[in-house]
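Protein chains in written order, with the working numbering: chain A, 15 to 100; chain B, 7 to 118; chain C, 13 to 181.
One thing to keep in mind: the hints can contain errors.
With a straight-line Cα cutoff of 27 angstroms, these simulated DSSO-like cross-link-like pairs (lysine-lysine) come out [claimed, not checked]:
no. : chain 1 : residue 1 : chain 2 : residue 2
1   : C       : K121      : C       : K20
2   : A       : K40       : B       : K101
3   : B       : K101      : C       : K97
4   : C       : K97       : B       : K103
5   : A       : K40       : B       : K103
6   : C       : K19       : C       : K121
7   : A       : K40       : A       : K98
8   : A       : K98       : B       : K103
9   : C       : K100      : A       : K40
10  : B       : K101      : C       : K100
11  : B       : K103      : C       : K100
12  : B       : K101      : A       : K98
Label pairs and their in silico Cβ distance ranges [said to hold, decoys possible]:
no. : chain 1 : residue 1 : chain 2 : residue 2 : range
13  : A       : L83       : C       : I25       : 18 to 28 angstroms
14  : C       : V58       : B       : L10       : 46 to 56 angstroms
15  : C       : L32       : B       : L10       : 29 to 39 angstroms
16  : C       : A75       : B       : L10       : 21 to 31 angstroms
17  : C       : P108      : A       : V80       : 34 to 44 angstroms
18  : C       : L32       : A       : D76       : 49 to 59 angstroms
19  : C       : F81       : B       : E115      : 35 to 45 angstroms
20  : C       : T48       : B       : K103      : 51 to 61 angstroms
21  : B       : L10       : C       : K20       : 44 to 54 angstroms
22  : B       : D67       : C       : R93       : 29 to 39 angstroms
23  : B       : K103      : C       : F81       : 35 to 45 angstroms
24  : C       : F81       : A       : V80       : 23 to 33 angstroms
25  : C       : P108      : B       : E115      : 24 to 34 angstroms
Because the hints were derived from the structure by calculation, they are not lab data.
Cβ coordinates follow ideal geometry from the N, Cα and C atoms, glycine included.
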Amino acid sequence: MAEILIVVAALFSAAAFVMALLRFIKGPSPADRVVAFDVLTIVAISAIIFTALAANRGIYLDVALVYALLSFLGVIVIARFLEKGF
Amino acid sequence: MSELLDIIGALLLLAGSIFLFLGSLGLLRMPDVFNRIQAGTKATTLGTLLVLIGTAFIHPDWGFKLLLIGVFLLFTNPLSSQVLANAAHRSHVTKSKLTTLDQLAEDREENS
Amino acid sequence: MPAPDNKKRDLLILIITLFLFWLLLNGSLAVDVIVTGIVVSALITVLFYQGLSFFTELRLTPAAILAGFRYYVYFFGELLRSNLKMAKIVITPSLPIQPAIVRVRTRLKSRMGRLMLANSITLTPGTLTVDMQGEWLYIHCVYRDETAKEQDTHDLIAGFESYLEVMYG
Chain A
15 MAEILIVVAA LFSAAAFVMA LLRFIKGPSP ADRVVAFDVL TIVAISAIIF TALAANRGIY
75 LDVALVYALL SFLGVIVIAR FLEKGF
Chain B
7 MSELLDIIGA LLLLAGSIFL FLGSLGLLRM PDVFNRIQAG TKATTLGTLL VLIGTAFIHP
67 DWGFKLLLIG VFLLFTNPLS SQVLANAAHR SHVTKSKLTT LDQLAEDREE NS
Chain C
13 MPAPDNKKRD LLILIITLFL FWLLLNGSLA VDVIVTGIVV SALITVLFYQ GLSFFTELRL
73 TPAAILAGFR YYVYFFGELL RSNLKMAKIV ITPSLPIQPA IVRVRTRLKS RMGRLMLANS
133 ITLTPGTLTV DMQGEWLYIH CVYRDETAKE QDTHDLIAGF ESYLEVMYG
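Chain A with its partners taken away, still in its complex shape (with noise of 0.2 angstroms):
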């Protein structure tokens, strides 16, 4: 039971993780990539938790958050990039 709703709710991600990927590839404009790359981000942290529960290891948990912390700095130096204009 438990495991049909965590396949079921890890396609709702991979499914979310799809169209954040079509709006970086739409755009239009650098600064609606730079929020698609964002959203990306936060996904991505959610499967790499899926990962872990489906490999039933911990440590994984230790990739997310470096993630997370990489991320954040990504955006915030595109973002003051974008600032100045490309």
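Dock chains B and C against chain A, hints included.
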């Protein structure tokens, strides 16, 4: 007992994933950058938090690390969307035609 | 420049905060972990005191702590409520939005208070802080009624502000 916790956790995971899905759907459907930030980065924050809580139900021993990720997300997500919105506004992205009022642009013009 | 007594208290709060963070990160209470944690927290606090000082603007009176709890309860309720509202807008085929950027004046004085206010506003969907200039906040709303645009905008932040005022001032 642990089976019940597993099912509660799985339901929370499902709810979180649905919010992730709706957030991305908003990102795809909204007409301009600001509304995309609104729909995209915040419904997904709640979605991720629910996923974290659901995982904590299934694996109580991961609780501390999940809490840390959650606290971190609660601080960084709003900051990055604020910085993004500010950068977008400064770089004069086109706003949706539906926008009725922009007092920030008015005030910037007055000051310059 | 804060009085020496205040500075000691601030340093202590910072060290304890960083140390708790370190413990969460490690998830263990071994002696070597604790010793490393204390040394590193103390080092960071002493080296970066100027940059971190706004963390200690929290008041530690019983009233402030109570307001803190009520703030978090209110915050999570609001987070859930506004996410559902946003979900409804997104799945409605006609996409009923009427965006506007409005300015709101806040009564909060401390930096941490204003930061928390801006973050709370941003995390509740439907409103997004675009810019802060002194006591003025610029907030983007997904749906702002045209008839309401001339009236007082303070209702957007009133809920969070009343708690944060007690917590930070």
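Right, here's what the structure says about each hint:
no. : hint                                : result
1   : C:K121 x C:K20                      : holds (23 angstroms)
2   : A:K40 x B:K101                      : holds (17 angstroms)
3   : B:K101 x C:K97                      : holds (22 angstroms)
4   : C:K97 x B:K103                      : holds (22 angstroms)
5   : A:K40 x B:K103                      : holds (19 angstroms)
6   : C:K19 x C:K121                      : holds (20 angstroms)
7   : A:K40 x A:K98                       : holds (23 angstroms)
8   : A:K98 x B:K103                      : holds (25 angstroms)
9   : C:K100 x A:K40                      : holds (24 angstroms)
10  : B:K101 x C:K100                     : holds (22 angstroms)
11  : B:K103 x C:K100                     : holds (21 angstroms)
12  : B:K101 x A:K98                      : holds (19 angstroms)
13  : A:L83 x C:I25: 18 to 28 angstroms   : holds (23 angstroms)
14  : C:V58 x B:L10: 46 to 56 angstroms   : holds (49 angstroms)
15  : C:L32 x B:L10: 29 to 39 angstroms   : holds (32 angstroms)
16  : C:A75 x B:L10: 21 to 31 angstroms   : violated (39 angstroms)
17  : C:P108 x A:V80: 34 to 44 angstroms  : holds (40 angstroms)
18  : C:L32 x A:D76: 49 to 59 angstroms   : violated (18 angstroms)
19  : C:F81 x B:E115: 35 to 45 angstroms  : holds (43 angstroms)
20  : C:T48 x B:K103: 51 to 61 angstroms  : holds (57 angstroms)
21  : B:L10 x C:K20: 44 to 54 angstroms   : holds (49 angstroms)
22  : B:D67 x C:R93: 29 to 39 angstroms   : holds (32 angstroms)
23  : B:K103 x C:F81: 35 to 45 angstroms  : holds (44 angstroms)
24  : C:F81 x A:V80: 23 to 33 angstroms   : holds (31 angstroms)
25  : C:P108 x B:E115: 24 to 34 angstroms : holds (30 angstroms)
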